Amino acid sequence: VLRAVGSCGAALEFASEALRADREVVLTAVRQDGWALEHASASLRSDREVVMAAVQQEGWVLELAVEELRADRDLVLAAIKGTWKALQFAAPELQAERNVVLEALQQDFEALRYAAPELRTDPELISDAMARNVEVLKFAPEAMKADRQLMLRAVQKDHTALRFAPAALLADREIILAAVQQDGSDLELAA
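First residue of the sequence shown: 1, per the UniProt record's numbering; consecutive thereafter.
Please keep in mind that the hints were generated in silico from the structure rather than gathered at the bench. One or more of the hints may lead you astray.
[To be verified] No more than 20 Å apart at the CA atoms, straight line, and that leaves these computed lysine to any residue pairs for SDA-like:
| id | residue 1 | residue 2 |
| --- | --- | --- |
| 1 | K85 | L64 |
| 2 | K85 | R120 |
| 3 | K81 | L64 |
| 4 | K85 | P117 |
| 5 | K81 | W60 |
| 6 | K81 | A71 |
[Stated by the list, open to error] Distance ranges between label pairs, derived from CB positions:
| id | residue 1 | residue 2 | range |
| --- | --- | --- | --- |
| 7 | D74 | E13 | 25 to 31 Å |
| 8 | A42 | G6 | 20 to 26 Å |
| 9 | A10 | E124 | 39 to 45 Å |
| 10 | E67 | A18 | 23 to 29 Å |
Predicted, not measured: the structure shown is a model, and the values here were computed from it. We treat Cβ as the ideally placed atom computed from N, Cα and C, and that holds for glycine.
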């Protein structure tokens, strides 16, 4: 049985209830295929070591973890290392933790959609994320997009940020010049 789940973790689905409750069998299965956690006994789906092994293999598996483990910072960070989308399954208090959200944002700006509302409007976090990818402005509140200094930094980093600027900033000479220096066609967007 160990050999079978060691080469195909999904085979746990066809194991007896006793084997699905066997810690060694389940650990072997989830180390090969994190999704094997779905077929583990309820008690093993609550076992931190088993869930950690599963999320290290496949971050999405955080979705199957019990609530208590979704609040485990180390476990959530391990899942996020596998996929930034694991942030959506993290406990609300971790979705509100700046360092956890930044870890997800390092992979993809869209992780901001799973951050707590107070972080989605945090200028410092948006600015940090924007340093990696100006597309994060897609999720920024309008008031933040209207911040001249923030928009100037964004456009200086990547001229495509200009498309997120409100009309009032499209008449700002310095912002338009920063964009046009990278791509002359941005002049079309100027007010």
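Of the numbered hints stated earlier in the document, which are not met by this structure? No numbers; nothing is violated.
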